[in-house]
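J.: Sequence:
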Amino acid sequence: MNGINEAIKSGMYKLVREAKSERMQLLVRPATKEALSAIAKDAEISINELANRIFETFIYDSQKKED
Numbered sequence: 001m002n003g004i005n006e007a008i009k010s011g012m013y014k015l016v017r018e019a020k021s022e023r024m025q026l027l028v029r030p031a032t033k034e035a036l037s038a039i040a041k042d043a044e045i046s047i048n049e050l051a052n053r054i055f056e057t058f059i060y061d062s063q064k065k066e067d
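Heads up: the sequence shown runs through residues 1 to 67, numbered per my numbering.
FYI, nobody ran anything at the bench for these hints, they're computed from the structure. There's no promise every hint is true.
To be verified - Only pairs whose alpha carbons sit at most 20 Å apart, straight line, appear in this in silico SDA-like list of lysine to any residue:
no.	residue 1	residue 2
1	K33	I45
2	K41	A51
3	K41	S21
4	K33	E56
5	K20	L50
6	K33	Y60
7	K33	K64
8	K33	N48
9	K20	K64
10	K41	Y60
11	K64	N48
12	K41	I59
13	K33	R23
Could you put together the complete structure from these sequences and hints?
T.: Structure representation (structure tokens):
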């Protein structure tokens with residue numbers, strides 16, 4: 001996922017605007033959590049918002065490959 005910061009800042013992640021109502025629990029490595037925290041802080045968003053944007057970017061990219 002190259003350029004995730006650019007994707008976040010450009011807003012390309014916005015596939016569909018809907019309320020966040022589903023919960024997930026994830027186990028991540030400490031280094032992964034630290035890196036995500038730093039990225040979220042730099043982008044001035046929450047880790048939860050960052051996770052949503054990463055997921056949506058991944059889905060968007062996957063769907064583009066199918067076309």
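J.: Under the constraints set out in the numbered hints, which ones does this structure not fulfil?
T.: Violated hints: 3, 6, 7, 9, 10, 11, 12; rest satisfied.
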